[in-house]
Each structure stands twice: as structure tokens, then as C-alpha cells.
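Visitor: Listed here are the chains, written in short residue letters.
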Amino acid sequence: MPIDPSLLESLKLRREEALIGGGIDRIEKRHEKGLLSARERLSAFFDGGHFIEFGMHAHHSCINFGLEKRKMPGDGVVCATGYVDGRPVAAYAQDFTVGGGAVGAIHAKKICDLLDFAIKAGMPVVGINDSGGARIQEGIEALSGYGQIFFRNVLASGVIPQISIIAGPCAGGAAYSPALTDFIIMTRKNSNMFICGPDVIKAATGQTASLDQFASADAHAQISGNIHLIAEDDQHAMDLAKKLLDYLPSNNLGDPPYKMNNDIPFTEDPGMNEIIPADPKSPLDMQQVICRLVDPGTWFEIQPDFAPNMLTGFAKLENLVIGIIANQPTVKAGCIDIDASDKAARFIRVCNIYSIPILSLVDVPGFMPGLAQERGGIIRHGAKMLFAWASGTVPKITLICRKAYGGAYLAMCPSDLGADFVFAWPTAEIAVMGAQGAMKVLYKKELEEAEDPAALEQELRKAYSEKFASPYQAASNGMITDVIDPAVSRRTLALAFRGIMGKSESRPPKKHGNIPL
Amino acid sequence: MDHLRITVEGKVYDVIVEKINSAESASPAAQAPAVRTAAPAARAAAPTPAPAPKPVAAGSGDAASPLAGLVQAIDAQVGSAVTEGDLVITLEAMKMYTPINAPMSGTITAIHVKVGDAVEEGQILYTIG
Chain G
0 MPIDPSLLES LKLRREEALI GGGIDRIEKR HEKGLLSARE RLSAFFDGGH FIEFGMHAHH
60 SCINFGLEKR KMPGDGVVCA TGYVDGRPVA AYAQDFTVGG GAVGAIHAKK ICDLLDFAIK
120 AGMPVVGIND SGGARIQEGI EALSGYGQIF FRNVLASGVI PQISIIAGPC AGGAAYSPAL
180 TDFIIMTRKN SNMFICGPDV IKAATGQTAS LDQFASADAH AQISGNIHLI AEDDQHAMDL
240 AKKLLDYLPS NNLGDPPYKM NNDIPFTEDP GMNEIIPADP KSPLDMQQVI CRLVDPGTWF
300 EIQPDFAPNM LTGFAKLENL VIGIIANQPT VKAGCIDIDA SDKAARFIRV CNIYSIPILS
360 LVDVPGFMPG LAQERGGIIR HGAKMLFAWA SGTVPKITLI CRKAYGGAYL AMCPSDLGAD
420 FVFAWPTAEI AVMGAQGAMK VLYKKELEEA EDPAALEQEL RKAYSEKFAS PYQAASNGMI
480 TDVIDPAVSR RTLALAFRGI MGKSESRPPK KHGNIPL
Chain C
0 MDHLRITVEG KVYDVIVEKI NSAESASPAA QAPAVRTAAP AARAAAPTPA PAPKPVAAGS
60 GDAASPLAGL VQAIDAQVGS AVTEGDLVIT LEAMKMYTPI NAPMSGTITA IHVKVGDAVE
120 EGQILYTIG
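Protein chains in written order, with numbering that gives the first Met the number 0: chain G, 0 to 516; chain C, 0 to 128.
Don't read these hints as lab results, they were simulated from the structure.
We put the CB at the ideal spot given by N, CA and C, even for glycine.
One should not assume that every hint holds.
Unchecked claim - Coverage of chain C stretches by chain G, computed from C-beta distances (three or more under 8 Å per stretch; other residues unrestricted):
1. 61-67
2. 81-93
3. 100-106
Said to hold, decoys possible - Calculated cross-link-like contacts (lysine-lysine; reagent style BS3-like; alpha-carbon spacing at most 30 Å):
4. C:Lys-113 to G:Lys-32
5. G:Lys-32 to G:Lys-119
6. C:Lys-94 to G:Lys-443
7. G:Lys-258 to C:Lys-94
8. G:Lys-242 to G:Lys-119
9. G:Lys-466 to C:Lys-94
10. G:Lys-444 to C:Lys-94
11. G:Lys-280 to G:Lys-119
12. G:Lys-315 to C:Lys-113
13. G:Lys-242 to G:Lys-502
14. G:Lys-32 to G:Lys-242
Given the sequences, and given the hints that come with them, work out the whole structure.
Guide: Right under this line is the structure:
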């Protein structure tokens with residue numbers, strides 16, 4: 000006996016109703032603003048635009064303040080799994096056309112269920128945030144929903160890659176779910192993220208502040224450091240999320256998606272020597288160094304606008320996915336400051352979670368001097384880098400390009416902090432401090448008593464520089480693997496990474512270390 | 000300007016308060032906010048340099064020093080036409096030269112430092128009109 004046709008008809012109607020969310024009119028209005036609807040965003044994200052939806056027929060159960068009469072298709076969020084470059088990925092998109100994308104109990108449950116599923120299945124999760132906040136009518140049920148999402152974000156942290164996209168409002172408690180994830184992408188326009196808005200700030204402190212100053216993508220990318228990448232529009236945001244996944248494994252037990260090249264070409268790159276300034280005081284542009292080292296077009300900088308004196312990002316080297324931490328001497332002399340420490344330490348830990356070997360490129364004159372840095376806790380922040388390196392067990396290779404001074408060098412991963420290989424260019428200067436400072440400590444008395452202190456200082460400084468402004472003192476002590484011609488850097492690193500990929504190292508069992516937060 | 004002595008949680012602060020809107024400060028209702036602004040002012044009196052202005056604030060033609068250092072060279076003069084990215088001033092700090100390139104195209108209307116000057120983080124070095 001065939002199926003009763005009215006059942007299929009009813010299903011069709013229910014699906015149609017759910018699929019238009021808040022209605023054609025509202026979707027049209029979004030299109031006029033250049034925005035995609037929640038389902039269009041997911042279609043733009045998944046291979047072939049196809050995905051399996053979870054909870055399409057979900058509906059809120061609230062009976063307060065007349066909400067029982069309002070329909071909320073899907074309860075304002077679309078949850079799905081699909082494929083990205085052939086690998087399974089979970090994603091959810093809040094639907095602003097349905098009750099402003101506000102979070103109620105069922106909405107939160109859908110997100111929680113998807114997160115549970117993704118953890119169980121070991122697949123990455125992408126969350127597209129576009130919500131007016133908690134659904135006030137549901138009171139503490141909504142608040143509880145946020146709490147349950149946060150809890151699962153934390154359970155998933157370090158297990159599956161979590162990427163957040165901010166493509167609309169994301170205010171108050173809602174901002175903390177993205178904050179708990181690995182990467183945040185924010186659209187340049189039509190989105191904002193903050194805890195207290197301009198009105199609350201004004202009422203509480205008297206300060207006048209516009210959203211542009213503290214809640215925009217630019218403000219978060221440059222100043223707060225809360226986000227990692229800016230997208231020009233919705234489609235670009237989806238593309239960036241896909242690009243990130245191209246460098247990440249599906250979960251912490253897998254390897255990033257790469258196919259190792261069979262052969263490593265033993266070519267030389269004389270151009271590398273051309274970009275190293277003869278004057279050690281002229282800055283080396285580390286962006287150029289990275290672009291010459293890695294496979295063309297694979298350098299994917301993360302947090303490019305935040306603390307640009309420290310570069311962090313992914314790349315491929317002879318097809319192997321690597322993470323790069325590099326000083327950038329063209330900005331703030333390449334000094335490590337509070338923001339640079341936080342940025343680098345976090346990135347080192349992301350690489351360690353996801354089995355991504357790390358390359359450290361060193362050209363650092365020191366930690367940033369200054370009252371604001373000391374009072375701001377540069378000790379605590381700089382310590383994060385030391386902690387991240389020492390606790391990281393992925394392959395770690397360090398290339399000392401030029402300056403490697405004092406504690407700042409330790410924060411860039413010498414062999415003492417667990418580097419598996421340390422290479423140095425002949426231009427490397429590895430010392431506990433610069434010549435000028437060292438003179439005042441080493442020869443204070445001699446200089447005070449000298450007839451011609453200036454001449455003596457120059458002589459002593461020359462001797463100091465000859466000894467330490469080179470890699471050979473460190474090389475003679477066994478602190479570095481080899482001194483190499485910059486022209487062979489690419490092949491040397493590629494070969495070294497290939498050789499260390501089988502590394503297996505453990506740390507004493509514990510709940511977790513106490514990283515200085 | 001008024002010179003006030005304020006005690007906050009037992010700590011005494013000497014602060015100078017400038018009345019920006021005299022009409023408002025004259026009314027008793029405005030007294031509370033006036034006191035409230037005084038407390039942060041007292042904190043600022045402690046030696047905390049203001050955070051450096053970050054690029055978001057840019058748009059004006061002021062080129063600020065990204066870090067403390069010495070002015071090593073000045074490669075332009077008042078009246079010079081510059082294109083965004085042109086080298087205008089070189090600082091020496093932390094054994095390194097730091098180029099202070101033009102933040103925008105235009106004409107240099109003022110250079111606020113000279114070679115050899117020590118500059119602070121956030122200090123305006125030159126202005127493009």
C-alpha cells in the first residue's frame with residue numbers, strides 16, 4: 000500500500016515554512032544591504048551548497064509575554080553538517096530574520112546538540128553569529144542556554160577546531176561563545192561585538208564612545224586583539240573559514256591536510272641574501288623572508304593587524320603545513336611587547352593542539368622597555384610565550400636571522416625551550432645583552448678610571464661585538480645546530496621538518512599547567 | 000583651573016581640575032559627575048603614560064612615534080610634498096632604525112622634532128596637511 004499523499008504534502012508545507020525563516024520580505028531586505036540569509040551563508044560555506052539540517056522543525060516553548068502566538072521557524076538558528084573540501088564539518092548560522100536571531104532555550108539546545116555531535120564525530124565547528132542577544136521573554140532560560148553553549152565550547156576546545164564568524168550584532172554574553180573558540184572572523188561592515196554598548200558606558204562612566212571605537216571589526220583587529228581576521232562581506236567570511244580549515248586537522252588526533260612532496264628540490268635562493276641589509280641597524284623585512292621561505296601563495300597571516308611587531312600565521316613548506324612565529328623588525332624594532340606576547344603565545348598553543356610543526360624566525364632586540372609595559376605586566380605576558388614553547392610537543396625549529404638578545408631570545412624558542420633544530424644565519428647576533436648595555440655592567444669601574452673613557456669604551460665594545468655579534472660563540476657551545484647560508488634556508492628547513500615529523504615527546508601527567516594568564 | 004586635594008580610599012591625591020563647561024559645573028546637579036571625573040584624573044596623575052594612539056584613530060595627518068627612541072634622521076622638511084609610505088623620519092631605538100613613513104599623501108605642515116631629540120611613545124613627530 001503506498002504512502003498517504005497528505006503526509007508528504009504536510010511535510011512539504013512544513014519544510015517550506017521552515018526554509019523561509021522570517022519571511023521573504025526580511026530576506027530581501029538583507030539582500031539589499033548586501034547580506035546573505037542564514038541558509039544562504041551555510042550554502043556558501045559547504046561543498047556544492049549542500050548540508051544536512053538538524054532541528055529544522057524546532058520551535059520555542061515559551062508562553063510568556065504573548066510569545067506563544069509567535070512563530071519562530073527553527074527557533075532562529077540553522078544547524079547543519081556538510082562537507083568542506085571533502086571533509087565533514089559542522090556549522091550553525093543564527094537567523095536574524097527570526098526574532099532577531101535571539102537566543103532562547105531551544106535555540107541554545109540546537110547549538111549545544113550540534114557541538115556535542117561535532118565533538119563525538121571529531122569534526123570542526125563553524126558558528127555564524129548574527130543575533131540580537133538573549134530572548135528576553137524566556138528570562139533565565141535564555142541565560143542558561145548561553146551557559147550551556149559556553150560549557151560545550153570549552154569541552155570542544157583543544158579537541159576540534161572551532162571557528163566563529165561575527166556577521167551581525169554579537170553583544171553582551173553572546174560575545175563570550177566566540178571568545179572561547181580558536182579563531183574569530185568578523186565582517187567589516189554590519190557587525191559589531193561588545194559587552195557594554197555606548198549607552199551603558201555613558202551611564203556608568205560618563206564616557207562618550209561610538210561603536211566604531213570599540214565594537215567594530217577594525218577596533219577588534221587592531222586594538223583589542225579579540226578577532227583574528229576581517230572579512231569584506233559574508234561570502235568572504237565563509238571563504239576565510241574554509242581557508243583556515245585547509246590548514247587544520249579535523250580534530251586533535253589527526254594531522255593537518257597535506258600530502259608531503261616526495262622530493263625536496265635542493266635549489267638555492269640567492270635573493271634571500273639580497274634582502275638582508277648590510278647595516279645591522281637597518282630593519283630586515285620579515286614578511287619578505289617568510290614569502291621567500293614558504294611555498295608561493297601559502298603564507299596565511301593570522302591577526303595581521305594586531306601587534307604587527309610579531310607575525311603569526313600558517314604556511315606550507317614543500318606542502319607540509321607549518322605555523323610561523325616571527326619578529327618583525329620594521330615595526331617597533333621587532334621588540335616583544337605585551338600584545339605581541341599574547342598573540343604569539345596563543346598561536347603557539349593552537350599549533351600544538353593541532354599537531355602543526357612550528358617555525359620561529361628570530362630578529363629581536365629585546366622586550367619592549369617602558370613604564371606602561373612594566374606596569375601592564377610584561378613579565379606575566381612574556382612568560383606566556385616561554386610557557387607555550389616549553390609545554391609544546393610539536394616539532395619546533397628556530398632560525399636566528401639576526402638579533403637574538405637576552406630574555407627575548409628565550410621567548411623565541413632556543414634549544415633550551417625545546418627547539419629540535421636551531422639554525423642561524425651568519426648575520427646572527429646571539430648575546431645576553433647589547434654591547435652598549437654590557438659595557439656599563441662589565442667595565443663600569445675601568446671606564447670610570449680611564450683617562451679616555453670614550454676610546455676605551457669603543458675598544459671594549461668592539462671586542463664584545465666581535466665575540467657576541469656572531470653566531471659562532473653559541474655554535475661553539477653546542478647551542479645551535481648549524482650556521483647556514485641564507486640562500487639555502489628553504490631547503491634546509493624543509494629537510495629538517497621532514498626529518499622531525501615523527502617526533503614523540505611527552506610531559507608529566509597533570510590536570511593542566513598553570514600558564515600565567 | 001582649580002587645584003584640589005582628593006582623598007580616595009585613604010590615599011591623598013593632588014589634582015588639577017579644568018572646568019570645560021562652566022555653566023554645567025555651576026549647577027549643583029553636575030557636582031556628582033565632576034567628582035567622578037576627578038578620581039580617574041587622580042589615577043592618571045600617577046606616572047602612567049597614556050596608551051599610544053593606534054592606527055584606528057588615524058585619518059588626521061599626525062605621525063606619532065610607535066616607540067621611545069632617538070631621532071636619527073629627518074628626510075623631509077616643512078613644505079615637502081610626500082606620498083603615503085614615503086620615509087620622513089628615522090628613529091633609532093633598541094639597536095634598530097625604525098622608519099616613520101608618511102601615514103597619508105600631502106604636504107608636511109610641521110615637523111615637531113629635530114635630529115638627536117629623545118621622543119616618547121605616542122609623541123607626534125610631524126604633521127601632514
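Visitor: Kindly indicate which numbered hints from before are broken by the structure, ordering the numbers from low to high.
Guide: 3, 4, 5, 7, 11, 12
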